[in-house]
Amino acid sequence: VTAPATPPDAATAWYVYGIVPADTPDELFEAVRGVSGSPVAVLRTRDVGAVLGRVPLSQFDGDALAENLRDAAWLEAGVRAHDAVLEAALGAGGVVPFRFGTVYRSDEHVRSMLGAERMLVGALERVRGRIELGVKGYLAAPAPPPPSAGGGEQSPGRRYLEERQRERRAAEDEEARRARTADEVHARLAALADDARANPLQPAEASGRAEPMFLNAAYLVARDHEDEFRQAVADVGDGFGADGVSLELTGPWPPYNFVEVER
Amino acid sequence: MNAQGRGAGLPAVYGGREPAQLADVLERVLDKGIVIAGDIQINLLDIELLTIKLRLLVASADKAREMGIDWWQNDPFLSGRGQNGLEDRVKRLEREAGLGERDPEENERQR
Chain B
3 VTAPATPPDA ATAWYVYGIV PADTPDELFE AVRGVSGSPV AVLRTRDVGA
53 VLGRVPLSQF DGDALAENLR DAAWLEAGVR AHDAVLEAAL GAGGVVPFRF
103 GTVYRSDEHV RSMLGAERML VGALERVRGR IELGVKGYLA APAPPPPSAG
153 GGEQSPGRRY LEERQRERRA AEDEEARRAR TADEVHARLA ALADDARANP
203 LQPAEASGRA EPMFLNAAYL VARDHEDEFR QAVADVGDGF GADGVSLELT
253 GPWPPYNFVE VER
Chain E
-9 MNAQGRGAGL PAVYGGREPA QLADVLERVL DKGIVIAGDI QINLLDIELL
41 TIKLRLLVAS ADKAREMGID WWQNDPFLSG RGQNGLEDRV KRLEREAGLG
91 ERDPEENERQ R
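So the protein lines, in turn, are chains B and E.
Quick note: the first sequence uses the working numbering, first residue 3, plus one each step.
Quick note: the second sequence uses the working numbering, first residue -9, plus one each step.
Short derived list, chain B residues pointing at chain E, Cβ under 10 Å: (1) P99; (2) M121; (3) P205; (4) E262.
Here are some, though not all, of the chain B residues that point toward chain E, as calculated from beta-carbon distances under 7 Å: (5) R101; (6) F102; (7) T252; (8) Y258; (9) V261.
Chain B stretches covered by chain E per the calculated footprint, using a threshold of three residues with CB under 8 Å from any CB of chain E: (10) 62 to 73; (11) 82 to 89.
What the hints contain is simulated information worked out from the structure, not anything from laboratory work.
C-beta atoms are modelled at their ideal positions from N, C-alpha and C, and glycine is treated no differently.
Extracted from the complex, chain B is given alone in its bound form:
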């Protein structure tokens, strides 16, 4: 059992990013800085290693934390640092990402967590040698329907109602087309992955794209198959291209979407 550099004093705590195999070298994290800018180390037990770094207790305790979570700049820096450490951990045999903000007061507390949470070993086994790839799909709106023909006999009121009805039907059709496309694309990609998740769609403000998102999915892929999967995403995107589909691939990510366990 190796103890990382300096144990926390009363003013600091261990922030745990995730779990890696016990044989993961500290050097993997040499270049990365964690939450609060602190260096990252591995605290090992016989079976697993906890990837961790010191954070000031004052930022994670009680009211201060509530305050910080409302501070968009603090939160962005925090989640990006959390992700950067876990991205570095992709260089290990496998990594089980923890949720943001898992903090312990001492080495002993981290060790007793590692000892108590036996399912971490199984979780690590399931993601060993695998990465997560994200796929976001966008669907361009179809050409607007032609304006209603003639209708000179109809009253303006009736014409208005029919126009509205047509619009509503077009919107329903478009929604159905979006759902159908999502099912088809997701099924094809999921068939090539070890596991797959379809997540809630992001709004245009978050995606930065004008076309509506129709798919926001994550796929668990063996590292050795990453290139193959990338090619498959390109091929599926091309295949649906005529329908106005474009696919965006992100990652490799630590397998955030594939570590939930039965408690």
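Let chain B serve as the given structure and place chain E on it in line with the hints.
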């Protein structure tokens, strides 16, 4: 941030990841990943996350509602919020039905 450290010491294949979009990082780091009991519990996430997500992901909640964006109401993590979401939904439905500006009691009588 941490740009200087990205990729160093990793196999070449991990060196070239594009800087991730904040929304993609947020939904993973705050909503996914394994939840283990720590000494300090961020129960606050349950309470605060809706506000945080809205502020970061959606420039203006009102604008989003006008555009009919309601993803957070379908988010299992956030749907437990109850009152606010319901209120927004009712308001939107009323607006769509052209009842938005009226007195709620009158709306009731109309139905």
